[in-house]
Amino acid sequence: MKKIIALLIAIMMLATLAACTKDEGPASPSTSASASTSPSASDAPSASASTPASTESSTQASASPEGSAPAGPTDPSVNANSIGFFFDDVDPHSRRTYDIVWAYMRPMALFLNIHDAMVELEDVLNFKLTGYCANSDIDAMLQNIEIFADQGVDGYIIVIDATANMRIKEVLDETGLPYIGILNSVRDSNGSEIVPLIGMEGFTIGHMMTQWLYDNYKKYWGDIDTSKIGMLNYTFSPNIDFHERHLGNIEKFNELLPGNGDLIFPADGVSGALDEQTGYDLASAIFAGHPEVEYWFVPSCLELYAFAASRAAETLNMEDRVLITTANSDVLSAQWDNGYDGCFVSCIATHALQYAAPALSGLVSLINGTSTFDTLWSTIRNPRDLYTYFEMDVEILTIDTYKAFFDRVRAESGL
Amino acid sequence: MGAAERVKNFLKSKTFTLLCILVAIMAFFWYFSANHSFLSVRNITSILYSMVLFILFSIGVSLLVIFGEFDLSPGYVGTAAGATLATILSGTGIPWFLVMLICLLLGIVFGLINAVLVNKFRVQSFIATLAVGSFLAKGFSYIISGGRAIAIDHPVIDWLASYKLWDVVPVTVIISVALILVYGIVLAKTQFGRSIYLCGGNKEAARLAGLDPKKLSYLLFANSGMLGAMAGVLFASRLKSGNLDGTNSYSFPAVTAVIFGGISFGGGSGNMVGCFLGLLIINAFNNGLTIMRVSPNWTGVASGALLILALTLDYLSNRRVRRQIGGKTS
Amino acid sequence: MTDNDKSGSVIKKITGAKEFTLVVIWAVLVLVLWLLNRNFLSPGNIRSIFNSAFVIGILAVGLSCLLIGGKIDLSSGNTGMLAGVLISILLRDGVHWVPAILITLAFGAVTGAVNAFFVNGLKFAPFISTLAVSSIYGGVALVITNSANIPVSSQDHDWFLALGTKSFGVLPVPFLIALVLLAVYGGVLWGTGFGRRVYMTGGNANAARLAGINPVKITSILFVNNSVIASVAGILFAAFMKMGSPIAISGSDLDGITAAILGGVAFTGGSGNMFGVFIGLMMLTSFQNGLLMAGLDSYYQVVAKGLLLIGALILDYYRENARLRALKAGK
Amino acid sequence: MEKLLEFKNISKAFPGVQALDNVSFSARGGAVSALLGENGAGKSTLLKILSGDIQPDAGSVCIDGEDRRFASPYQSIKASVSVIYQERQLLGAMNVMENVFLDDLHEKFGIVNRSELKRKTQEIIDIFELPVKPTDIVGRLSVAHQQMIEIMKAYRRGSDIIAFDEPTAPLTDKEIAILFKLIRELKERGKIILYVSHRMAEIFQITDDIIVLKDGQLVTTLRTSGTNERELVKAMVGRDIGDTYSNLKRNEIMGDVLLEVKNLETDYVHDVSFELRRGEVLGFAGLVGAGRTEVMRAVFGADPIISGEIKLEGKPVRFKKPKDAIGSGIALCPEDRKDQGLILGRSIRDNVSIPVLSKLKRGLFMSYRAEEALAAEAVRKYSIRTPSTDKRTVELSGGNQQKTILGRWTSDKMVTKVLILDEPTKGIDVGTKAEVYQMIHDFAATGIGVIFISSELPEVLNVSDNIIVMQNGRVTGRVSRQEATEELVVAMSMLE
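Respectively, the protein sequence lines represent chains A, H, U and D. Each step along the first sequence adds one to the number in numbering that gives the first Met the number 0, with nothing skipped, and position 386 is 385. Each step along the second sequence adds one to the number in numbering that gives the first Met the number 0, with nothing skipped, and position 192 is 191. Each step along the third sequence adds one to the number in numbering that gives the first Met the number 0, with nothing skipped, and position 190 is 189. Each step along the fourth sequence adds one to the number in numbering that gives the first Met the number 0, with nothing skipped, and position 54 is 53.
Fair warning: there could be bad hints in the mix.
Only some residues are given here: those of chain H computed to face chain A with a beta carbon under 8 Å [claimed, not checked]:
hint, residue
1, Arg41
2, Ser45
3, Gly67
4, His153
5, Pro154
6, Arg237
7, Leu243
8, Ile290
Computed footprint of chain A on chain U, listed as stretches where at least three residues anywhere in the stretch have a Cβ under 8 Å from a Cβ of chain A [unchecked claim]:
hint, segment
9, 50–63
10, 141–148
11, 195–208
12, 238–245
13, 248–258
Since the hints were derived computationally from the structure, they do not count as laboratory data. Just so you know, even glycine gets a beta-carbon here, dropped at the ideal spot from N, CA and C.
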């Protein structure tokens, strides 16, 4: 009897394996010859919950960009040589469908949202997207970059992990295919950006977060003795990108509140993991451990830690003495939609489309040869950089400004 | 034994079933992959290339499982060795081969800590190696590198990582395949290998018959640590940096390969050929998933399913043995 | 026995007990950490220690029963995580919180049954087959949530969220539930026939068979029980964090095992009790919290936690060794 | 109504040996029946059948005339039968009352009634007069107290049939007196009591009738009052020595002293001294648990030595581990073949070649041909019944397993000076036993010193040149083959 059950298990295993090859997930229908059966039961419920903001408020795709924001790189479509972009009246469907790979290191909400945003743009720019996650195994990523090249993909949009960026760039160059970096900058020894990249400089994020807290604390706390303001400064030191935000916070904090140097408390998640439990343990221990700090700035480098810190403040009923902000708006926007209005007051808004739209348009123009690494976005290039670091124009959102921002970005992306 | 008898044995043997699975997977992915590129030369080499690190981990773990013990620490030890390589190479002027030696010694030290916990303090090898790996080795890699991934740029290290013989077959593939061949032969043919099987079967009987299980245990744990460190060094030299996630996640697939290779948990059975085939199956499968553009969320489910399949095969082949010994091994 | 003899023996009974040494070690630890930072024992910090402890504590309850029965389950972390994700999805799709909890607990029971079948039915090695289940659940969670967190809205689920966020003075509700589970299971293991049979199964399997106990039945129940309790941990964490997340508490089962071993649960089965596990839990969480508060460099915290677990394992060896030496001396 | 236990035509065979051959006897209630016989006479097999551990090949067990077949120990317990084995089945981590009331914890709605349990256990403790409390952890008690707790378990069940297997071995005199008082009390209550023991004094002190077994067959049933020690020993051992030993070609040439052991002291044995000459067969007689195995394990380096001196060929030696002893030419065939002798999962070839692996190499690798030759030679020499040397030892009979081990220690590549055989003929058919005896003397003839441990008296007396008798870890007598009589040796091994 057990023998039968064992065979059943083996068959069931093969069935799941076959199922997961059939189920392409968010990627477009597989080019395989076999007719793809109905998506397996495990297909995620249709409405991907990650960006409710974008689905609810999708206004009609406005052709002309309202120039509400001041001219300059804030509006992704207003760009001197945005060749091959939505508005250069070249019909993308006149050419073959490009095969583009979106590769990233860890299954994080931001990367998945970028994936969904790109899928929405698939028919706008006529390309097929494949998502690849290396599950923090860089060696596997190097392998698969080559494998995809062999498979005849046309280009990569890739998060180049900071810990091995030189090697990854080398492998990308070997494939000879065009690629655009997201989030992590790749700089040579004298600090010049050597990969066309869309993202936010770690240090600028740090400066921006702490500056915002400094400019807005009066709205929440009124006129208080600034010598009592301390800072809980999260980091996950093995990740250079998070760590640069942590250092940026410290630089700006010392600049704005020179006397409070000894009220800065680092909270390194390396002793735990990139999850809420570690965030909570760090925050609750440091909040409870240092009552001498009456008011807390918490410019968090990671949104999960930021939300955990807000829970810690709630449980220690210190909400009225803590102000939290972070980079990326996925967690907070979702919580705002669900009625959250605590001391986690603001976040640097990054709608996935702000990454997806310029990255795709840039890559498409690179693939069809209308632009090269050198000419792409040359007008907004920092003189010391080899290629353009497309510094995303970001805003800090609060509970009452975030909806409007998301609608505007969707409109500009031609959706 | 006549040739017919030998063939009949081969058909019933575990290796044959593994070959069938391998062929099934190859055919499945060949058929479904775009323009049948699954079996292209480049793809085969990239499968072998991705196996290099797993081979090193699996050799160490297989010897221990045949010996009747277990090791979950090699992945973490690899990361520690990579971080040490990066730190020492960039900081001090120590020549590269000495640095390599230090990293391998580091692996041996972690292996010996495992051995002391298992032999002297009777700690079960699974929990001991998990504690040494996921805490001590991980903590060590952070401390030695100060939490930063230090870059490596050293001509010899680069050559080791990227040099391709007749610019098709990477030198690391040759090293790893050579290693698994050597260990396979040592295991199957030499006195050292035979005593691993014997102790795996019954340690007390082996001790009373003139073998020395205690010494062997220290040796095998140290060997597993050394191979883990070697893999870590290779990993770091490939990435040209002492990455701190490193090979932490490599212990799991190595265990799956060991079980696939027919190395059963009671100790005393299984061989390197099975282990190599197991690795081939896992890596071909993962490679196939990538080529089929399967969404990344499914890799976790797939690797877990593969391990269950391996355990089921192990169960089916063990049922026959277990009935004979009167349920002794259960 | 005369009176003073009686009181003398009671004191001797307490001091002789294994748990007494645990309490002393814990007290010393708390004292040292208090000296490092006076606010260690402030009410706020105590509540935050409890909030950091309830997930590990609940997981440790299920895991200790299994360890005492002679088995192990490495899938409880991811089972809990998936339970948290499941309940958040159910709530988001409008299911009332009581049936949602019941469905999630049923999911836990099914997981336990699958584990029991693999270990008892097909004779897989427990830690490997549960490791496989854990990896599968990790993948499934990513597929279901597409790696995004699923918030639980506070407008229409305030009852459910109260479960995670309310607290009575210094005792948060989730930790209270952990204490209740520790007490209930402590009572079951100590006082009921089933509990004693769990010890017998773990301690000496053929002596148990002689007493007509069916080890397969007992361990299967323990596996189902462990996965259900893991789901409770997941549900409470989702309530506490007001969202389900595909990476939450997946590493907490190793901490649960560490707490159990610190509390004197033998890895070889057959000994240990829930009071010891409670002390082990408090030791582990106050150790982590105290080190954080004292500002120890986080890299050394990773090593410190490792030394704590290895120290507990070595302590377990000497405790077991002392028992055997006493036995031999008595010959 | 008087209880009656009948064994009718019970037969049971194990691979290679007929443990019980058509044994029939009955035991009535209100009486203590002793089961007497040498080791291997079939006493423990009978008890295992009564307890349901094993099932008989033929015949049946009848209680009060009703034929009962026990598929498992639990069923026999439920049929009010309690068998107390020598190896105790206790739960070390749990306390006394839980061990005594193992399968009946007085649960009300699942809750254990601890006060009730404590009260009842205390009652039994008082009857047994044990200085122990119901809540003491059993693991921390002395072996004597643990044995009493094992007996308390049977007493508490109030089983109608209680069988004791060598119960007094670990007990002190005070505890033995208490035990006998209890047995008499059980007798008055009409229980059937089976009592297995080697201690003549006890048999005459407590039992009513005696059933004597030999080689799996019933010899006679006697009334205790109607017989005496001498008659019993004769019945027990007196058998036609017949030709088993007469045509044994003995080795007569004795060399110089090969192995000398002076005042050996270990955890289990005290002040043991003996000498072994080249070509001598030195027998070790005594009861199970007399410490003979422990002496040899100490000499062999398997167990640590507290003090004492060992000389091999005149040179003092101290072996830290068996590997060193084997290197110096000492070989040990352990008593427990399955757990300590063979690696069951491996083939005959693998098991034979273990100690001499280094000598079977061609260059770096093991030479298959050399191993095959060695194993084939052992199979031929000891006529092991097997289709090929590749057969796994788990599939061999008891006799063939023993021959495989002998083959290992006396293979051509082994340089054996001292060969220690621990119960080599245990569980082997009579035919093969004769072969083993001849082999022993063939080894001796080659100049090897053989130490021959056996609990079967006729074997030791007739095969050995000299005999050393041990009891409770001490040497209680030395006698040469000529002077030795079974009565003398039995006396030395049993009586204080």
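Now the hints, each set against the structure:
1. A hinted interface residue such as Arg41(H) counts as satisfied when its beta carbon comes closer than 8 Å to some beta carbon of chain A; here the least separation is about 5 Å, so the hint holds.
2. The criterion of a C-beta within 8 Å of any C-beta in chain A is met by Ser45(H), whose closest approach is roughly 6 Å, and the hint holds.
3. Interface hint at Gly67(H): violated, since its Cβ lies 24 Å from the closest Cβ of chain A, which is beyond the 8 Å cut-off.
4. With its C-beta approaching chain A no nearer than about 13 Å, His153(H) sits outside the 8 Å limit, and its interface hint is violated.
5. With 8 Å as the threshold, the beta carbon of Pro154(H) stays out of range of chain A, its nearest partner Cβ sitting at about 15 Å, so the hint is violated.
6. Restraint check, Arg237(H) versus chain A: the minimum CB separation of about 6 Å is within 8 Å; hint holds.
7. Against a cut-off of 8 Å between C-beta atoms, the interface hint on Leu243(H) holds, since the closest Cβ of chain A lies about 4 Å away.
8. For Ile290(H), the suggested interface contact is upheld, since its CB lies about 6 Å from the closest CB of chain A, less than 8 Å.
9. Look at the segment 50–63 of chain U against chain A: 3 of its residues bring a Cβ nearer than 8 Å to a Cβ of that chain, three or more, so the hint holds.
10. Using a Cβ-Cβ cut-off of 8 Å, 8 residues of the segment 141–148 of chain U lie near chain A, which meets the minimum of three, so the contact claim holds.
11. Residue count for the segment 195–208 of chain U with a Cβ under 8 Å from a Cβ of chain A: 0. That is fewer than the three needed, and the coverage hint is violated.
12. Note: the segment 238–245 of chain U has 6 residues with beta-carbon separation from chain A under 8 Å; the three-residue rule is met and the coverage holds.
13. Counting residues of the segment 248–258 of chain U whose C-beta sits closer than 8 Å to any C-beta of chain A gives 4, which meets the bar of three, so the coverage hint holds.
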